Every structure is written in structure tokens, then in C-alpha cells.
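Enquirer: Whole structure, please, built from the sequences with the hints as guidance.
Heads up: the sequence lines are chains A and B, in that order. Residue 265 in the working numbering sits at position 265 of the first sequence; the count goes up by one each step and never skips. Residue 150 in the working numbering sits at position 150 of the second sequence; the count goes up by one each step and never skips.
For the record, the hints were derived by calculation from the structure and aren't laboratory data. One thing to keep in mind: the hints can contain errors.
[What the hints assert, rightly or not] Each pair of labels, with its calculated beta carbon distance range: (1) A/Thr342 - B/Gln286: 48 to 56 Å; (2) A/Glu323 - B/Asn538: 51 to 59 Å; (3) A/Asp237 - B/Lys434: 40 to 48 Å; (4) B/Asn538 - A/Ile121: 53 to 61 Å; (5) B/Thr360 - A/Ala178: 32 to 40 Å; (6) B/Asp41 - A/Leu327: 54 to 62 Å; (7) A/Asp237 - B/Gly478: 37 to 45 Å.
These numbers were taken from a predicted model, which means no experiment stands behind them. Note that CB positions come from ideal geometry on N, CA and C, so glycine has one too.
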Amino acid sequence: MAILSKDEAQTLLKKVLSYSTADECEASLRGRTSGNIRYARNSVSTAGSQNSVSLAVESRFGKRSGIATCNEFDETTLRRCVQRAEEIAHLAPESPEYVALLGPQTYLSPPSTATTLLTAITRAQAAADSMTLCAAKNLTAAGFLDGGTSFVAKRNSKGLEAYQQSTNTDFSVTVRTADGRGSGYAIADVTDPAKLNAKALTQRAADKALSSVNAKAIEPGKYTVILEPAALMAGDDLSLLGGMIFGMGAREADEGRSFLSKKGGGNRKGEKLFDERITIYSDPMNAEAPGNAFDGDGLPTKRQTWIEKGVVKDLFYTRFWAEKSKLPATAFPNGFIMAGGTQSTTELIKGTAKGILVTRLWYIREVDPQTLLYTGLTRDGTFYIENGVIKFPIKNLRFNESPIIMLNNIEAIGRPQRLAGCMVPPLKIRDFTFTSLSDAI
Amino acid sequence: MKRRDFVGLTGLAAGALFLPSLPGFGGTLVDPARLLEPGADTTIKKRLADAGLNAAKAAGASYADVRIGRYLNQGVFTREKQVQNIASTESYGVGIRVIANGTWGFASTNNVSEAGIAKAAQLAVQIAKANSKVQKEKVQLAPQKGYGEVSWKAPIQQNAFEVPIKDKVDLLLGVNAKALDLGVSFINSVLFQVNEQKYFASTDGSYIDQDVHRIYPTFSVTAIDRASGKFRSRQALSSPVGMGYEYLMPKAADKVAGPTGSDIIGYKYSYDMLEDVASAAKQVKQKLTAKSVTPGKYDLVLDPHHLGLTIHESVGHPLELDRVLGYEANFAGTSFATLEWKAKNIPYGSKAVNIVADKTQVGTLGAVGYDDEGVKTRRWDLIKEGRLVDYEKIRDQAHVVGQDHSDGCCYSQSWQDVQFQRMPNVSLQPGTAKLSVDELVKGVDKGIYIAGNGSFSIDQQRYNFQFGGQVFYAIEKGKITEMLEDVAYQANTQEFWNSCAAVCDESDYRFFGAFNDGKGQPSQSSAVSHGSSTSRFNGVNVINTARKIG
Chain A
1 MAILSKDEAQ TLLKKVLSYS TADECEASLR GRTSGNIRYA RNSVSTAGSQ
51 NSVSLAVESR FGKRSGIATC NEFDETTLRR CVQRAEEIAH LAPESPEYVA
101 LLGPQTYLSP PSTATTLLTA ITRAQAAADS MTLCAAKNLT AAGFLDGGTS
151 FVAKRNSKGL EAYQQSTNTD FSVTVRTADG RGSGYAIADV TDPAKLNAKA
201 LTQRAADKAL SSVNAKAIEP GKYTVILEPA ALMAGDDLSL LGGMIFGMGA
251 READEGRSFL SKKGGGNRKG EKLFDERITI YSDPMNAEAP GNAFDGDGLP
301 TKRQTWIEKG VVKDLFYTRF WAEKSKLPAT AFPNGFIMAG GTQSTTELIK
351 GTAKGILVTR LWYIREVDPQ TLLYTGLTRD GTFYIENGVI KFPIKNLRFN
401 ESPIIMLNNI EAIGRPQRLA GCMVPPLKIR DFTFTSLSDA I
Chain B
1 MKRRDFVGLT GLAAGALFLP SLPGFGGTLV DPARLLEPGA DTTIKKRLAD
51 AGLNAAKAAG ASYADVRIGR YLNQGVFTRE KQVQNIASTE SYGVGIRVIA
101 NGTWGFASTN NVSEAGIAKA AQLAVQIAKA NSKVQKEKVQ LAPQKGYGEV
151 SWKAPIQQNA FEVPIKDKVD LLLGVNAKAL DLGVSFINSV LFQVNEQKYF
201 ASTDGSYIDQ DVHRIYPTFS VTAIDRASGK FRSRQALSSP VGMGYEYLMP
251 KAADKVAGPT GSDIIGYKYS YDMLEDVASA AKQVKQKLTA KSVTPGKYDL
301 VLDPHHLGLT IHESVGHPLE LDRVLGYEAN FAGTSFATLE WKAKNIPYGS
351 KAVNIVADKT QVGTLGAVGY DDEGVKTRRW DLIKEGRLVD YEKIRDQAHV
401 VGQDHSDGCC YSQSWQDVQF QRMPNVSLQP GTAKLSVDEL VKGVDKGIYI
451 AGNGSFSIDQ QRYNFQFGGQ VFYAIEKGKI TEMLEDVAYQ ANTQEFWNSC
501 AAVCDESDYR FFGAFNDGKG QPSQSSAVSH GSSTSRFNGV NVINTARKIG
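Expert: Okay, structure coming up:
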């Protein structure tokens, strides 16, 4: 019963709320059914599946709150869960950051449910296709395929009712040459698994692996770079764009400890911090990368612009900070869309006299939160471009760069592609700072 | 939970439980009193485990192991004058791993009954058989004798879950009050506590019951200069440890002073949180006006709380045999320290570099009696006088390097995740000649002393790394002269360890801990300690990290 329908979920939540004696009560259900397969050295290493549903009950008495959870749904367990949340609430201190629960809300309906899903057999087949292709070329594949369906439902004593179901499938593959001198990478995530082509992605990674053999060393320094989407956004680690966008919290900025803090106090909302071609927004209704209809508090998401023509248009305001600031709260989105042009990465390369093509960046860490200086390294396919063509593979490089500076040094913006639930264009950037060479392949 | 746990908080303007989830904490939210209730008796666990083992064998498994795990966590989170969250969680279930047709299969269930476990065992065998169709090489396990019914318990003095929540909140809010009194702008302080109650049984004939404890107190203070808009932070110099609440009862004998003029205090087997926050408050304000470093080559003097992370990234990870063999190629990466590289006997470091792996050191995060595939833990050499002599491996890898035993470093973060090879405690051995930190600094003409770990990044084969720190001091002509800022160093692993000129003696030896080391897809977390004494590295490239934005 990992995936409950809207009616099933709301019926269960209604029952939970009926047990409440608290001033306010909110119940949330989350469930996911998914499966994964992992392979390396052209052989399956692990495979697993997950089926889970859990209920969280938050009970409030005045400004005191308690939360309890359970993953069984018989009447006795449900009653005990509500009772425990109420016991905890009675014992808890009053919260100075109390905000009343939301009342009824109107939500958008993001287009996010696929009709068919991968099964253990189709996952194994996709992995086998990927491994067979590589084995035939004396290459080694290591990949991970993970996909499933999730739902989240909320209901509270103030009349809020929310439900959303979504599907997603993620695939990534690293292909290495048998002698370990070349390595290539490809990644994709889709709402509808029918759109996933593991074989084509493996082919792309294989091509990069083969063409990255015999990499030459170049001097570190400032270079024009073309950063592919996988070099800008990652779902499983800090990334140049993800780190910056999801770090746009109003509270940290107003408190004076963010790259968006203003000298003397306040934040930099309304200031032009980036090149005028930079526009970043979120839109749960985007057909290719649909978002959540509501955030963890039940706030409805909508199309919301964070950066417009280089100007900081809005920051994330939690409900508490919004009330304190006398501004509207902003639902926290689960993805973003960076507006782009029409050029593909290949076309960006064609228009480049001298530069570096970066497939993927790795182990990105914040060096200075004040300037958002990040460090990290190129990986799995780094090439030198001359007169519009890829001339030769180059050794990997470490960068020290701030996305704030990077987004002021824009040469061109390509066509956005879906990555990690976001829409990210390849970017051509001048004066990107590489500080040392790496021997890693 | 008893009312007295919360009584007294109200007057401190403490906040309530408005953060719904805890990072990295699985399980369901429970009453803290539940954390002290005993788990199932070993007689019951043996019967349940046998149900799984028998079902796996009946379904065609040639090998099976069953892990019945009860994982308990508690986190207390505060900022300034308020409690942000207090959460206690419990996760209980069973993971079953089998070999069928020479291939691994794994399944897990939270239905901890004979029938539930048997069903999961059958599913694990089905998965193994399905995957065997695309398997190239059959799994080969290093032989392992059954130990019969045995147990291991971390030698803690006080179970942290027995300490009333009020005492923990009082400690953290006291730490925050001290920092605010000393003029910092913000402070966050946190106390994590973990108890893993693990039962392992295998078809080799082992039935192993273990009780593992971890604790991690930490904080971050921030100072802001409103006029210039500049802000700086300083993190705690505590380490997560494999101990009970006794870690928070400071003893003078566990305090180690940094070099004269540095104002740094390091901690061994107990931690003085109030003392450290007072140092942090002073240092974070100094950081606002400290001199920005001039980039160039410096001799680095690295304290153990800093060096531990460098050891973790540049020795611990590259010597994980699964990385070396390519199993982590798609995410965590591979390793420069290939089997061919080792065969060539290329020096990993200077003669001063002796690095051991050890999962038996008392009080460390990696210490257990047996690993998660029933192998008794041990200590072994990784690097001897600068030469790589061995890797970190588990049962299905030993044959690849011509060995007939596992090193006992198999671990899973929970019952519901499959166990795989994880890093043991990896530590730099102290120098054998008597050498204090002051004596070490005395010999440095132009250098930087670095305490605490900051930003860290390393490539996917573990050659090129960049590390920051918490506090930096200039060394000129053998003396600490002033605080520096904007410091990070970049090096190549082999060059760095070959530049190791001296390691202080045992009196300076202490552990750094990595509480949430991530690896695998889906990613799993593991905790590990790294011991070292303050060490000197000559001629390392230091960069200046200051930038200007709009």
C-alpha cells in the first residue's frame, strides 16, 4: 500500500484528525515505491526495492507543538500516534517562532504522473543494455538506475487538504576505457521512464571515454569554458547553480551572514547582481520538469521569479520570517528553471575560438560563504576547444570560482535541458578560474 | 518522556519542535524513554535469524547472513536562546543478504517475525538469481569461521540516552549564552547521539550481538561586522567519538595546548564545550580583522583536528579496495593507488609516514567487535615508512589481492541497506622520537599553523586536494606571530605525504572524527575516526581565497 490514492489518503487523514483533541492538528502521509539497480565493472553489484508509507502527526496546544510518526495504520496505532504527539506538545516549551497552521489552499496540478513504470526486469534490461554496449567496445560501465512513484498528502484542522503523486527515474553512467586512461559520463532524469534511453546515454558516455584518452596538461589560469548542464547542477551533491539558488534564504541574508546580505543591514533584493541575460525562476507547471504543488508547510507553489534580467527579484521567506518581515511567504520549490537560448552545446562549441568544454564538476565545496566562492574539479570528459571544434582532451583541473562572478561573465546561454528536476542550459563563461591540475582520470 | 525533561526550558525562552525531520536520522519519532527500553532478547533474535537463514538455504542460497538491527538516535538542536528541535528516533528491522548462483541478493523488512524474515530471505534469493543472469564473475568469499554465540559492547561509562534532556538543553543553551556574552552575533549548537543494537547471524555459524554508541557535540559561532558587512564563523574543535556522555565531562589530562601564541586547545577523550566556545568567540572576532594570507609556498604545521580530514580524504578513501577495483566509478570515484601502482613500490609518503587501519581502538567511531559480515575486527598496516603495504577490504575482495582474510570493514548504515566495504579508522602513527608542538614550530622559518577542518575537496582518484581550516596562524622564524585569514592549501596526495618532515610524539596524539562519511548509490553514511599528532609538511602551495562580488 505504498501509494495511496487521493481519496484513500484523505480518508485516512480525516480519521487521524478525528482523534485529535489539540488546538491545531496537521497530519501528513508520505509514500514511495521504487526500485534500483547498480552495476560496475560490467556486472550488477546491487539491486533493491523500497516500499514505504509513513504518517506524521503534529499536534499543537497554543504555541506548544509535538510531532509523532508511525508506519502502521490500524486504528490502535493511529490513536496512539495522535496521543503521543499531544503528550509531546503538552510537555514542549512554547515556540517563539510559532506560526498558525494554514487554512484551505488552492493548488496547481503539475503534470507529473507517468502511466507506466520500470519494473525489476526492465531495470535489469536497461543495465544489461548499458553493460553489453560497453563490453563490446572493451569499455567498462558503472551505472545506477533508480525510479519510482511517490505521493504526499496533508490535511489539517484548519481545513487544509493537499495531495500530489509524482514519478521520477534517474539514470547515470560512467564509462571508462579498459586501461583507465579515458572516462566519460552521462546523466538523465525523467518524469516518464518511457523517455529514458539508457543505451543512448551510455553511448554518449562511451564516446566521451574514448575521446578523452591521452589528455594533455594545460596551464591552470583563467579560461573561457562551456559548462554542460551536469557541470552546473547535481542532484546528489553541492553544485554551482544549485548551491547558489537554494541558498537564497531571506533570513540568513537579513541576519548578515549570506552572500545576499547588504552592507549595513538588510538584504540585496532589488539589486542587479548578475549579467542581464540571467533569469531564474521556478514553475511547478513546467511540462519537462514539473515541480511540487506545495511545500512542506502546505504553501502552494506557483511560478516565481528569483532572478530577472540579472536583478535579485525575491528570496525564500519561511512563514515565520515572512511574518516578521511583513512580507508574503514563499513556498520552497524543489527545482528551478534557468532561462536560456536555443543553441545546443555543439553550437556553443562552434562559436568558440578558444576554450574548455567541461562535462561534469565534482566534489564542490564552499570555500567562503561571504562571496560564495566554491572549489571543485572537472571530471569524466574535459576537452580543449579551438576554432569551433574540440581539438584534444585535457587533464582535469581544479577551479576556485563563485557563481556570482561566473554569472557576470556570461558569453552565451544555450538551450535548457532537464537535470535533477531543474531546467539548466549549458553556459559559455569567460575568465573561469582554474587554480591547479589534477592527474585524475 | 517525563515532564521534568522540559520543565525549566520555558523560562529560557526555548523554542518548540517545529522542525519536522532530522538530517541523516532514519526511523520513526519516539518518546525519549523508548530509547532506554531493552531490545529483543538474544534468544528471540537467534530464533528469528535462524528462520531467515533456513529460508534462504531452502530457496537455494549457498550463503546467507541476517542482520537484526535496532538503530536509536537523538538530536538536540539549539540556536542562540532557543531550542529548535529535540527528536528521538527508532528504526527496527532485518536485512538479509544471500549468495545464490554465485551472485549477491539483498532484501529487508520491518516485519520482524519468523514469517516476515523468511519472506525477505526468499526475495533476496530471487533477486540474486535474477541478477546472476548478467553476472560475469561468481562471488568468492574469504573463508570465515563461525564464532558461535558471542557479544561485544562499547565500553562506555554513561549511556547518553540516560541523561535527562533538560541537562543536554542546559549544556547547549549555556554554551550559547557564553558565546553571546562574549559578543558573537549568532550561535548554533547541536548534540547528536547514536546507539546501534545489532545482531548478526550467518550460515558460517556466527551469532553476534553488539551494542555500539556514538556521540557528537558541536557548534558554530558567527561574528558579523555590520559596517563592512563582513562575517566569519568558527566551528567547534570537538570530535564525534565512539563514547557515551562521559565525553562531555572534561578532564584536564585530556586537554592539549597548541603551539605557544596560538590560543588553540585540542581535546583527547573528553571535551570542554564551554571552554572551546569561549576560545571560538574570541577567535571568530579576531578572524574579522586578521591579515589576508599572501599566497605562496609555506611549511604547514597541521593540528590533529585538521590533519584527520586530510588523512581521511587522501589515505582512507584511496585505499578502499572497492574504489581501487572500480565499484565506485560512477559516483565516489576510483583511486590512484591501483594494484599496479602498489606493485611498483612507489613511495606514498616520506619515511615519517606510518599509517595503520584499526577497528579496535577504544572510544573511536570505527570500533566494533565484529563487522557487518561477522568478521572479528583487527589492526593492520596500510603504509609503512612511506610505502603502501595493504588496502582496506572485505570478504568478497580479499582474493583479488591474493589474501585469505577480510579486514573486517564491512558496514551498513541500517538494517534496510546492504552492507558494503567502508573505511576503518585510519591513523597516522605518532613520531617515535620525543617532539612537542613547540619544538616542531621552532624549526619552521616561514609557515602556517592550521587548526580545525574547513572546506575540503579532492578529485575522484584522490590526487589533487584543497583544504581550508578553522583558525590559521603565521609562523615566522620558529614563532607564531599573528592570525591569518583566507587560507587554503592545494597539493597532490603523493607530493604532500612525501613532504611530511616530522610528526610529534604520542603525547600530542588525538582523534578527529568524520560522523557522516557518504559513499555508495543510494548513498550510505558511516562514521570513522582518524588519529594523528601535529605534523609538519614542507613547501605546500597556499592560495588566497578572498574574492570580491558586486
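Enquirer: Which hints, by number, does the structure contradict?
Expert: none
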